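Please work from the sequences and hints to get the whole structure.
Taking this note's numbering as reference, the numbering of the sequence shown is continuous, increasing by one, and the terminal residue is 149.
Calculated directly from the structure, the hints in this document are not laboratory data.
Check before you lean on any hint, since a few could be wrong.
Below, a list of computed lysine to aspartate or glutamate pairs in the EDC-like style, where the Cα atoms sit at most 16 Å apart [said to hold, decoys possible]:
hint	residue 1	residue 2
1	K91	E142
2	K91	D137
3	K126	E142
4	K126	E145
5	K91	D128
6	K44	D73
7	K126	D137
8	K126	E141
9	K85	E96
10	K44	E68
11	K74	E134
12	K91	E134
13	K91	E141
14	K74	E92
15	K148	D125
The model shown is predicted, which means the values in this text are computed figures rather than measured ones.
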Amino acid sequence: MKQYEVLGHCPICYKRLLVTQLTCQGCKTQINGQYTLNEFCYLDKELLNFAIVFIKNRGNIKEVERELGISYPTVRRMLDQTIQGLGFTTGQETIDKQDILSHLERGDITVEEATECLKR
Numbered sequence: 030m031k032q033y034e035v036l037g038h039c040p041i042c043y044k045r046l047l048v049t050q051l052t053c054q055g056c057k058t059q060i061n062g063q064y065t066l067n068e069f070c071y072l073d074k075e076l077l078n079f080a081i082v083f084i085k086n087r088g089n090i091k092e093v094e095r096e097l098g099i100s101y102p103t104v105r106r107m108l109d110q111t112i113q114g115l116g117f118t119t120g121q122e123t124i125d126k127q128d129i130l131s132h133l134e135r136g137d138i139t140v141e142e143a144t145e146c147l148k149r
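What follows is the structure in structure tokens.
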């Protein structure tokens, strides 16, 4: 039997789905009830992929940029969206200027990317 990826949201109304049956692949025992999914299951595919790449690269933004082909501001935006999607607050709604300058100094971002971030 073909296995499908678990959906976190209803494709019609986009509300969260509940799992109501679990089946053992070995003995075929079935367990019925109402089970919630973990927060990662509720991320859309793009943010889930971002989270996997971010964790794989141990949070190294430069490596995430390289692997996904995106800019520093995009990495920061996606990280904030992932944090929010997992049910947490980002702690700050705007990027700290000192943080931007630190990344620029280390060579993690270009002058153009730093300028773009500072304009926000």
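Consistency of the hints with the structure:
1. Distance hint between K91 and E142 is fulfilled; the C-alpha atoms sit about 12 Å from each other, no more than 16 Å.
2. For a cut-off of 16 Å, the pair hint linking K91 to D137 stands: about 6 Å separates their Cα positions.
3. For the hint pairing K126 with E142, the CA-to-CA distance comes to about 13 Å; that is within 16 Å, so the pair holds.
4. Taking the CA atoms of K126 and E145, the gap is about 11 Å. The hint holds against a cut of 16 Å.
5. Among the hinted pairs, K91 with D128 is consistent with the structure: their alpha-carbon atoms are about 14 Å apart, no more than 16 Å.
6. Under the criterion of a C-alpha separation no larger than 16 Å, the hint pairing K44 with D73 is consistent with the structure, at around 13 Å.
7. A distance of roughly 14 Å separates the Cα atoms of K126 and D137; the hinted pair therefore holds under the 16 Å criterion.
8. A distance of roughly 14 Å separates the Cα atoms of K126 and E141; the hinted pair therefore holds under the 16 Å criterion.
9. This hinted pair checks out: K85 and E96 have alpha carbons roughly 11 Å apart, not beyond 16 Å.
10. This hinted pair checks out: K44 and E68 have alpha carbons roughly 14 Å apart, not beyond 16 Å.
11. Simply put, K74 and E134 have alpha-carbon atoms about 33 Å apart, too far for the 16 Å limit, and the pair is violated.
12. At most 16 Å may separate the alpha-carbon atoms for a hinted pair to count; K91 and E134 meet this at roughly 13 Å.
13. Taking the CA atoms of K91 and E141, the gap is near 15 Å; set against the 16 Å cutoff, the hint holds.
14. Distance hint between K74 and E92 is unfulfilled; the C-alpha atoms sit about 20 Å from each other, more than 16 Å.
15. A distance of roughly 12 Å separates the Cα atoms of K148 and D125; the hinted pair therefore holds under the 16 Å criterion.
In this structure, the earlier hints numbered 11, 14 are contradicted, and the remaining ones agree with it.
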